[in-house]
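Asks: Read top to bottom, the protein sequences are chains A, B and C. Mapped onto the UniProt record's numbering, the consecutive letters of the first sequence carry residue numbers 1 to 514. Mapped onto the UniProt record's numbering, the consecutive letters of the second sequence carry residue numbers 1 to 99. Mapped onto the UniProt record's numbering, the consecutive letters of the third sequence carry residue numbers 1 to 631.
Among the clues, some could well be false.
Said to hold, decoys possible - Computed cross-link-like contacts, DSBU-like style, restricted to lysine-lysine with a CA-CA straight-line distance of at most 35 Å:
hint, chain 1, residue 1, chain 2, residue 2
1, A, Lys373, C, Lys37
2, A, Lys361, A, Lys373
3, A, Lys449, A, Lys59
4, C, Lys551, C, Lys119
5, C, Lys541, C, Lys449
6, A, Lys449, C, Lys119
7, A, Lys361, A, Lys27
8, C, Lys541, C, Lys448
9, C, Lys37, A, Lys449
10, C, Lys541, C, Lys551
11, C, Lys580, A, Lys361
12, C, Lys119, A, Lys373
13, C, Lys37, C, Lys119
14, C, Lys448, C, Lys119
15, A, Lys361, A, Lys113
16, A, Lys373, C, Lys448
17, A, Lys59, A, Lys113
18, A, Lys449, A, Lys373
Said to hold, decoys possible - Label pairs and their computed distance ranges (CB to CB):
hint, chain 1, residue 1, chain 2, residue 2, range
19, A, Leu207, C, Asp80, 42 to 48 Å
20, B, Ser81, C, Ser597, 47 to 53 Å
21, C, Asp80, A, Asp452, 37 to 43 Å
22, B, Val73, C, Arg609, 20 to 26 Å
23, C, Lys37, A, Gly32, 38 to 44 Å
24, C, Asp80, A, Ile469, 18 to 24 Å
25, C, Trp58, A, Lys361, 55 to 61 Å
If you're looking for bench data, these hints aren't it; they were derived computationally from the structure. Even for Gly, the Cβ is constructed at its ideal location relative to N, Cα and C.
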Amino acid sequence: MKNVPWLLIAGLVPLVGTALIAVVPRKSWVRGIALGTSLVTLAVVIAMATQFQIGGPDKFQFVTTYSWIPAFGVSFTLGVDGIGLVLVALAACLVPVVLIASWRDVEPPGSIKSYFGLMLVLQSMIIWVFSALDVFLFYLLFEAMLIPAYLLIGRFGGAQRSYAAMKFLLYSLFGGLIMLAALIGLYVASQTLLGNGTFDFQTLSSLQINTGLQNWLFLGFFLAFAIKAPLWPLHTWLPDAASEATPGTAVMLVALMDKVGTFGMIRYCLQLFPDASRTFAFTICILAVVSIVYGALVAIGQTDIMRLISYTSVSHFGFIIIGIFAFTTQGQTGSVFYMVAHGFSTAALFLIAGVMMARGKSRNIADYGGVFKVAPLLAGFVLIAGLSGLALPGMASFPGEFLVLVGSFLRYPVLAIIATVAIVLSAVYILWLYQRVATGEPRGVVTEKFGDLRSREVWVFVPIVAVMIALGVYPQAVTRVIEPAVQSTLDRVGAVNPEPTALKPAESTKETTP
Amino acid sequence: MNPMNYIYLSAALFSIGAFGVLFRRNAIVVFMCVELMLNAANLAFVTFARINGTLDGQVVAFFVMVVAAAEVVIGLAIIMSIFATRRSASIDEANLLRS
Amino acid sequence: METITAASGTTSLTWLLIALPLAGALILLGTGRVTNKWGHLLGVATIAGSFGVAVALWLNLLSKPSEDRAVRQFLFTWLDLGRFKVDVALQLDQLSMAFVLLITGVGLLIHIYAVGYMKGDDGRRRFFGYLNLFVAAMLLLVLADSYALLYIGWEGVGLASYLLIGYYQTRDTAGPAAKKAFVVNRVGDIGMSVAIMLMFAAFGTVTFQGVFEAAPGASSAMVTGIGLMLLLAACGKSAQFPLQSWLLDAMEGPTPVSALIHAATMVTAGVYLIARSNPIFDLAPTAQMAVIIVGLITLLAGGIIASAKDDIKKALAGSTMSAIGYMMLAVGLGPTGYVFAIAFLLAHGFFKAGLFLGAGSVMHGMNDQVNMRRFGGLRSVMAITTATFGLGYLAIIGIPPLAGYFTKDLIIESAMARNPIIGGLAVIGAGLTAFYMSRIFFMTFIGKKRWTEDVHPHESPWSMTVPMLVLAIGSVASGYLLMRDNTLEKWLEPVTGFVEPEGSLAPAVVTGISLAAVAVGIVAAILLYLRRDVPQVAPEKVSFLVLAARKDLFGDAFNEAVFMRPGQWLTRSLVWVDNKVIDGAVNGVAASLGGLSARARRIQTGYTRSYSLVMLSGALLVLVLLAIVGR
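Please take these sequences and the hints and turn them into a complete structure.
Replies: Structure below.
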C-alpha cells in the first residue's frame, strides 16, 4: 500500500470519467458516469487519507515523481502535507454533491456532455494543483484551471455570462502573467544559487534568496493569489462570475478554485519567500481586515442572492488571509480549517440559493417572500446554510473564525478587534436575507406551486449539513492533521507564537488545565 | 557594356511595377505589376552578381523565382475565387477583412 | 479557590443533562411529520429526564462536604493547538447546580404548560424541538468549564431564542423581532469574543480555573478590560442598557417562550457570566462600578417602561429588564452581592415565569389579545389564574413573607451598605415595581370588564394551571427556603465567596424604607387604576415621561438614528463605491485598452492599394534614412 500513487490516481479518475463521457453514445448516461466517477475519486481520496501519518517523519507524503522537462529542472511531482490533504479531501467531497445538485442545471439544447465533462476536468486539475510539489507544474495547473472554468461560466451561465467569463479570465490571466514573471525570476535565482536551476518545491523552499529579490518575487506570486482568493480591492470579478455562473459552477469557483489562492499564499508565498512575507505581513493583514468589514457591509446592501453570497465570501476570505499572515499556530490552523469550512458552508449557500432560483426563476431577493409557508424544508436549509455562513458555534465555520480571531489577536490586537465587528454584520446579512426570503406570507414568485425540496435535493444538503455539524462539534479531527504542516510553515517563516503576557516565564511552561 | 545600365533598367522596371500596384484597380494587372517588381529585383541581383564576380546574387535570384512561382499559384487562386464570388476583379471591393 | 475533582459515580451522569434534551431536539427537528403525534410528549419527557438527573446530582452534591462538591467531567477535546486547548468538559459546582435545577425545573413546568398552550398549533413538534434545543444550549452554557465552551452555549441559546421569537414565521412582525434579538445579542458577543481573546493573550488559557488562577498576576488594565468586555456580553444577553431594546420585541414569541427564555433563564445568563467570573471582577473595581451603573440604569428604565405599556407581555418584559437590573446591581457589588443576586435570580425564575404563564393563560382565554385596556374583572372567570398571578405579583413587589421580600430586600440592603445613592435608586426601583405590577394586576383582574365583544374568557386546562400552581408555590416559598439559615450563602460560598454587607443603616430600617416605597407604589396604582375608570383607548394627551416610556425611552429611535440609518447609508454608498469606483476602475482599464485598439484599428482600411502605399513610403523612408546615416 505504501507505493500506490494515490494522488496521481485521484486526479486521473475524473479525467478517465471525462473521456468516458466524451465517447458514451447516450446522453442519459452522462450524469450517472459523472457522479460515479466523482464517487470513485472520493473513495480513492478517503483510502489515501486513512494512510496519512499525522505528524509523520516526512513533511510531504504520498510523493510520486516523474521526470518531465529535465533540461529546466521540471518534474511531475505530487505530494501532500496536512494542508494539502484536507483541501484535496474538500475537493473530493464537494464534487459529488455539486454534481447531484447540478443534475438539472443543463437541459438540452445545452450540452450535458460538456458541462459534466468540464466539471470533472476542473476537479482533476484542482486535486493536482493542491498536491503539486513542482512550482512549474503548479503554475501550469493554476493557469490551466481557468480554461474549464471559463467555459463553464461562459457557456452555461445567466444573461451576462460572456461579460462575467471574460472578466474572470482576463483578471486571472493578468495575475498569472505577473506570477509567470516571478516564476522565471525564481528559476534564475535558483540557477544562481544552486548552479543548475530547478522548479522542485522542496529544494526551492530551503533557498536563501536575497531580501530585495525576495520582495519582488513575493509580490509577483502574491498578486496572482490575491486576485484568486480574492482580496480587497481585487475582488470585483468574483460577484460577477459567481452570480452569472450556474450554482454548481459557482461552488467550484468559490468553494474550491479560490482556495488555491489562499493555499498558494501558505505554500508558496510564505515558504519560498519567508523574509518578504514578514515584511509585507502587516500591510496584507490591513487589507484583509478591510476585506472582512467591507465585504460584509457590501453584502448587506446587495439585492441579488448570488452576489450577496459572493460578497460574504469576500469577507470570509479576509478572515482566512489575516489568519495566514498573523503567523501564529492558532491563526494559521484556523485559516486552513476555515478554508475547509467555508468550502462546505458556501457550497450549501450557493446550492440552496440555486434550488430556490430554479423554482422562482429570479436572483432578485425582493421577488421572494414567505418561502417557509410553502416550502418549510427548503426554508429550513436556507437557515442552516446561513447559520453556518454566520459562523454559529456548532457549525464548521465557527472554530475556523474563532481560531483566526484568537490567533490574530496575539499579533495584531487592534485589527482582530475590528474584525470582530464582522460577527455582527454577518448576522445582519444572513438573517436579513432569511427574513426577506422566508418569513411572512408568500409573495412575489413564491406561490403554492413553488414546491418543497425533492428527495434528490434533500440528498444534496443532508451530507453537507452533516459534515458541517461534525466539523463544528469535533474540529480537532481536522486541526490535528493541519497543525504539523502549519508548524513547519511557521518555522520556515521564523515566527514564534507570542507568550501570554500575564504569566511569569517559569509559570508559562506549566500545564494550565488539570 | 556598362553594367550600371542594367541597374537603371531594373530601377525603371521596379518603378513601373510600383506605380502599377499603387494606381491600378484590376487585381490581375496589380498582380502582373508585382511580378514585374520581383523580376526587376532579380535583374538587379544578377547584375550585382556580375559586378561583384560572385554567385550569391544568382542564388538569391533563384530563390526569388521559386517564391514568385509559389506566389503566382496562391495569388491567382485567391483572385479567381474572389472573381467567382463577386464577379469583379477590383481590389478595392475586396476589403472583407476590415471589420 | 475550590478544588475540582474528576466526575465519578453519580456525577458521571452530568453529560446526560445536556444529551437528553439535545437528543430530543435532534429527533423532533430531524424526523419531520412522523413525530407530529407524540413529539410534544417526547419533548416533555427529555426535560423530565434531565430534571431527574439534576435532582440526583443535587442530592449527590449535598452528601459531600461543601469544599469538595465541584466536579469536572471530561468528554472530548474540542481543539488543541499549541497553547490553545479547549475541552468539551462539564464543570458541575454549586453555582451551575443552582442554575441546572432552575433551568430543568422551570423548564419542565413550562414544557408541560406548552402542551396545553400550543394545542392545535400546526408546528407544535417544531416548537418543542426548539424548546429542547434551548434547554440543551442553556445547560451547556452553565455547565461549561471554559469561556470558549460557554460561548458555544451562549450562542446556542441565542439561536434558540431567535428561532422561538420568530416561531410564527408568517407574521410580518416576528421576523424582524427575531433578527433584532439575534443581532443585538451579537453586538454583545463582540464583548465575549474580545474577552476570550484578551484572556488567551494574557493567560494562555480560556478555562475558568486557568484564568482565575492566573488573573491576580495580570495588570489591572487587563482585568478591567476583560471585565468590561464580559459586561458588554452580559448586557447583550440580559437585555441591559444599552443593549436592552431587543427584549420588548422578543415578546413576539409564544408566551411559554417569553416565560422560559425571556424571563426565567436565558436573560439571566449575563448575571451568571458575571457571577461566574467573580475572581476577575473582584480584581477590577472599575468594571464592577460599570456593572452597578448598568444595573441601576436598567432597573429604573425597565420600571418606567413597564409602567406605561398597555400590552401585558411588554409590561412584564419591562419588569424583567428591571428585575435583571437588580441582579446586575447585586453582582456589581461584589462578594456582598453575588449570593443575593443568585437568590433573587432563582426566586425571580419562579414568580416571573408564573406571571408570564398567567399572562399566557389570560391570552388563551381572551383570543390572544394582549391589550390590558380591554381586560378587567377577569378574576370572576379565571380564579386559578388570578390566584397564581396574584401570588406572583405579591412576590415580585416584595411583600413579606413571599420570595421577593427575602431576596430583593437583601439586594437593597447590600446596595445601601455600599452607597446611599445606589441604595436610594434601588429603593425607587422597588416603588416603581410595586406601581407597575399593581397596575398590571388591577387592569387585568380587577375593576370593570372592558372586554371586546367577541371574547368568552374561561379558565385554562389543567396542563396549564398545574404548572402555574407549582410556580405560585415556588413564588411563595422559595425566598424563605433559600434564605433560611443562610442556606444559599453556605451553598454558594465556595464558588462566589460571601461577605456580610455592613452598612451604616440597620437592616430593619432599610426594609422599612423599601416597604414604604412599595406602599407608595401600590397606593398610586390604586388611585390611578382602581378609583378611576381605565379608558379603553390609551389617552393621547399624556406627559412627556409617559410618552417616552411608551416608546421604550426612545431606545429604538436612538438605535435607528445612530446605527440603522447611517448603517443603511453606509452599505448603500459602499455598494455604489464597489460598483462604480473599484469595479469601475477595473472596467475602466479594460475599456481604455479596448478604446485604444479601436483607434488603432482605423489604420487598417482594407484597401490593398493604401497598404502598398504605406509599404512604399516605409521603404522610401528607410532608404532616405540609410542615405542620411550612411553618409
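Asks: For every hint, state whether the structure bears it out.
Replies: To see whether the hints hold, each was checked on the structure:
Taking the CA atoms of A/Lys373 and C/Lys37, the gap is about 20 Å. The hint holds against a cut of 35 Å. Between A/Lys361 and A/Lys373 the CA atoms are separated by roughly 19 Å; this keeps the pair inside 35 Å, and the hint holds. Restraint check for A/Lys449 and A/Lys59: the C-alpha separation of about 56 Å exceeds 35 Å, so the hint is violated. Taken as a hint, the C/Lys551 and C/Lys119 pair is honoured in the structure, with Cα atoms around 34 Å apart against an allowance of 35 Å.
Note on C/Lys541 and C/Lys449: the hinted pairing holds, with a Cα-Cα distance of about 24 Å set against a maximum of 35 Å. At most 35 Å may separate the alpha-carbon atoms for a hinted pair to count; A/Lys449 and C/Lys119 meet this at roughly 29 Å. For the given pair, A/Lys361 sits about 25 Å from A/Lys27 by alpha-carbon distance, which is consistent with the 35 Å threshold. Restraint check: the Cα-Cα separation between C/Lys541 and C/Lys448 comes to about 23 Å, which is no more than 35 Å; the hinted pair holds.
Taking the CA atoms of C/Lys37 and A/Lys449, the gap is about 27 Å. The hint holds against a cut of 35 Å. Distance check on the hinted pair: C/Lys541 and C/Lys551 sit about 15 Å apart at the alpha-carbon level, within 35 Å; holds. Simply put, C/Lys580 and A/Lys361 have alpha-carbon atoms about 27 Å apart, close enough for the 35 Å limit, and the pair holds. Distance hint between C/Lys119 and A/Lys373 is fulfilled; the C-alpha atoms sit about 19 Å from each other, no more than 35 Å.
Between C/Lys37 and C/Lys119 the alpha-carbon distance is near 11 Å, which keeps this suggested pair within the 35 Å criterion. The suggested pairing of C/Lys448 with C/Lys119 holds, with an alpha-carbon distance near 31 Å, which does not exceed 35 Å. For the hint pairing A/Lys361 with A/Lys113, the CA-to-CA distance comes to about 24 Å; that is within 35 Å, so the pair holds. With a C-alpha separation of about 41 Å, the suggested pair A/Lys373 and C/Lys448 falls outside the 35 Å cut-off, and the hint is violated.
The suggested pairing of A/Lys59 with A/Lys113 is violated, with an alpha-carbon distance near 40 Å, which exceeds 35 Å. Between A/Lys449 and A/Lys373 the CA atoms are separated by roughly 12 Å; this keeps the pair inside 35 Å, and the hint holds. Checked against the given bound of 42 to 48 Å, the beta carbons of A/Leu207 and C/Asp80, roughly 33 Å apart, lie outside it. At about 30 Å, the beta-carbon gap between B/Ser81 and C/Ser597 misses the expected band of 47 to 53 Å.
Against the hinted window of 37 to 43 Å, the Cβ-Cβ separation of C/Asp80 and A/Asp452 comes to about 42 Å, which satisfies the hint. Roughly 23 Å separates the CB atoms of B/Val73 and C/Arg609, a value that falls within the hinted 20 to 26 Å. Distance hint check: the CB atoms of C/Lys37 and A/Gly32 are about 39 Å apart, consistent with the given range 38 to 44 Å. For C/Asp80 paired with A/Ile469, a C-beta distance near 20 Å keeps the hint of 18 to 24 Å intact.
Range check, C/Trp58 to A/Lys361: about 59 Å between beta-carbon atoms, so the 55 to 61 Å window is met.
Checked against the numbered hints above, the structure breaks hints 3, 16, 17, 19 and 20 and satisfies the rest.
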